[in-house]
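K.L.:
We have chain E; now place chain X onto it with these hints.
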Amino acid sequence: MARYDYVEKAVKVSRREFLGIVGVAGAILWTGAYVATDLVHDRNKYIKMRAQGIYKDDKKSKVRQSHNNQAVTDMYKKFAHNPLSHLAEELFHTKYVNRTRLV
Amino acid sequence: MKGFQSQELTRIIDIDRKLCKGCDSCKAFCPSEAIEGKYGAVHRVDNEKCIFCGQCLVNCPFGVPQDTVDAVDQVISKLRDKQATVVGTIAPAVRVAIGEEFGMEPGSLVTEKLYGALKQAGFKVLDTNFTADQTIMEEGMELIGKIRHFALGEQAEHVGPLPQFTSCCPAWIRYAELYCPELLPHMSSAKSPMMMAGPLTKTYGAAEVWKVKPEDIFMVGIMPCTAKKFEASRPEFNSAARYWQTQGRSGDYPDIDVVLTTRDLAELFRRLNVDFETVAEFSDKDNPLAQYSGAGTIFGNTGGVMEAALRTAYFVITGTELDVLEFTPVRGLQGVKEASVTMKDAKTGKEVTLKVAVAHGIKQNVKPLLDEVKAGTSPYHFIEVMNCPGGCVNGGGQPINPMGTSWLDKAKAVLPWS
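For the protein sequence lines, the chains are E and X, in the order given. Just so you know, we're using this note's numbering here: the first sequence kicks off at 3 and counts up by one. Just so you know, we're using this note's numbering here: the second sequence kicks off at -5 and counts up by one.
Just so you know, not all the hints are guaranteed correct.
What the hints assert, rightly or not - Derived DSSO-like pairs (lysine-lysine); straight-line CA-CA distance at most 30 Å: (1) E/LYS62 with X/LYS113; (2) X/LYS12 with X/LYS357; (3) X/LYS279 with E/LYS62; (4) X/LYS72 with X/LYS279; (5) E/LYS47 with X/LYS15; (6) E/LYS97 with X/LYS43; (7) E/LYS61 with X/LYS279; (8) X/LYS361 with X/LYS32; (9) X/LYS349 with E/LYS64; (10) E/LYS61 with E/LYS50; (11) X/LYS113 with E/LYS80; (12) E/LYS64 with X/LYS357; (13) E/LYS80 with X/LYS279; (14) X/LYS338 with X/LYS(-4); (15) X/LYS361 with E/LYS97; (16) E/LYS79 with X/LYS205; (17) X/LYS368 with X/LYS21; (18) X/LYS361 with E/LYS47; (19) E/LYS58 with X/LYS357; (20) X/LYS140 with X/LYS344; (21) X/LYS140 with X/LYS341; (22) X/LYS341 with E/LYS79; (23) X/LYS349 with E/LYS58; (24) E/LYS50 with X/LYS21; (25) X/LYS205 with E/LYS64; (26) X/LYS349 with E/LYS50; (27) E/LYS47 with X/LYS357; (28) X/LYS43 with X/LYS32; (29) X/LYS357 with E/LYS97; (30) X/LYS113 with E/LYS79; (31) E/LYS80 with X/LYS15; (32) E/LYS97 with X/LYS140; (33) X/LYS338 with X/LYS21; (34) E/LYS47 with X/LYS21; (35) X/LYS140 with X/LYS205; (36) X/LYS341 with E/LYS80; (37) X/LYS207 with E/LYS97; (38) E/LYS50 with X/LYS357; (39) X/LYS207 with E/LYS79; (40) X/LYS349 with X/LYS338.
Derived from the structure by calculation, the hints contain no laboratory data. These numbers were taken from a predicted model, which means no experiment stands behind them.
Next comes chain E alone, as it looks inside the complex:
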């Protein structure tokens, strides 16, 4: 016949201790979540600051459309004739590779 010993509960937690443990665990979880959201927030903040820098450069430009860039027009006149010309296709256009077929 099997014998069973009476063993007292190994971990005894009082109400106060339980509240303490939950509190500490909660604080740790909250810190983690805070750091993660903070990271994303900061990241967006510097993306926005850099983006503002770029828009500032656009705003202060005298010429703001590509087709009005005289230097580009001159380049086409002297060299590549016009967009999509034979020479432009050769130098400024490309083809893509289906990499799933490359072994």
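P.N.:
This is chain X only, laid out in the frame that chain E set:
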């Protein structure tokens, strides 16, 4: 290795085994699920899947992933070589970020200082913004040709299908080539601004502007991007050499010799003792290849290529300039942005509504758009895709931790002894 052409770089981003904490943060930013390793274990990059965007590198809280392609010493030796003409092409997003490496506020616009520093280091400049304007001419005309054919009923041969995708982002190109090759006919055939800068320098620049031999030019792409290093190594990009062969000149050289990231360029300035904060400003007014429009510079932001293309497409189709140049619907950090512009064709008098979409962050925002195009139900004519959230300003080659995105650096900053 699978999925690479000959000569291409097969490894750019590498995770240091000794430093990786296995925290899985990088996986949350990886657009192509190229990072292997369970939570808690050391991670590694699978180069056959990696598109080299470097988002893991700029977002790792411990700064573990490293850019393994370092060309700084090679560029310095070329700068000292009297025979060589070193031409740098500066991407738009570099001028608002390089200041951060020297203690300036993020977003400080330092174009003149950057030109000055490059001049002091010995570079000639072809601004990538110039070729960005040129990209709009090439890519925009391609798009307008398609619109005239499909929407306005004009006869044309050899036009690709709509919608057209932008082709400026090398990580997006590699992503499409690896994971959705059926969409490649939709890709604009125009090269990226950097890859246009290469052949332009070695043909027009060599003959007309600097008057040097094309083979003596050493072309350096200065980019906010690690995937550009891969793009420059693609074997088909030697069109300048092929052009000169038809003109009776021999020699074989790539269009872009090496690529430096924004971080690499800062390192180069430090090694050459160029003091970025006090360097004399320089505007390079007499150099035609350093002239750019506002449309060229906004390529660095998400929605920028689209906005620049709309400004020109509107003019080409209607014959009149836009009253308000800012397209606010395509600006900002919303995942997928869309806009439509109604234009009256000056030639036929017909009205056409151009529908466009802008997506950034392949990881989160792009897949639904791609599925629509695959199913043939996409309502758009032109779709801009940038791999990095926010566009090139947040590229994988940009300065890390400008405001303490690294948790460790953030903690260090508040410690009294640091």
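K.L.:
Going straight from one Cα to the other, do X/LYS140 and X/LYS344 come out at no more than 30 Å?
P.N.:
15 Å, holds
K.L.:
With a cut-off of 30 Å on the C-alpha distance, tell me whether X/LYS140 and X/LYS341 pass.
P.N.:
Holds. X/LYS140 to X/LYS341 sits at ~15 Å (cutoff 30 Å).
K.L.:
Just to be careful, I want the Cα atoms of X/LYS361 and E/LYS47 compared with a cutoff of 30 Å; is the pair within it?
P.N.:
Between X/LYS361 and E/LYS47 the Cα gap is close to 25 Å, so the pair holds against 30 Å.
K.L.:
Hey, E/LYS47 versus X/LYS357, does the alpha-carbon distance stay inside 30 Å?
P.N.:
Given pair E/LYS47, X/LYS357 holds - Cα atoms ~20 Å apart, limit 30 Å.
K.L.:
Hinted pair, alpha-carbon criterion (30 Å max): E/LYS97, X/LYS140. Please report holds or violated.
P.N.:
18 Å, holds
K.L.:
Within 30 Å, alpha carbon to alpha carbon, are X/LYS361 and X/LYS32?
P.N.:
25 Å, holds
K.L.:
Does the structure keep E/LYS79 and X/LYS205 at a Cα separation of 30 Å or less?
P.N.:
Status holds; Cα separation ~18 Å.
K.L.:
Regarding the pair X/LYS140 and X/LYS205, is the alpha-carbon distance no greater than 30 Å?
P.N.:
38 Å, violated
K.L.:
Run the distance test for E/LYS97 versus X/LYS43: straight-line Cα separation, threshold 30 Å.
P.N.:
21 Å, holds
K.L.:
Against the 30 Å threshold, does the CA-CA distance of X/LYS349 and X/LYS338 hold or violate the hint?
P.N.:
14 Å, holds
K.L.:
Below or equal to 30 Å on CA atoms is what counts here, so check E/LYS50 against X/LYS21.
P.N.:
Since the Cα atoms of E/LYS50 and X/LYS21 sit roughly 23 Å apart, the hinted pair holds (cutoff 30 Å).
K.L.:
Holds or violated: X/LYS113 with E/LYS79, Cα cutoff 30 Å?
P.N.:
28 Å, holds
Of the numbered hints given earlier, the model fails hints 12, 14, 31, 33 and 35; all others are met.
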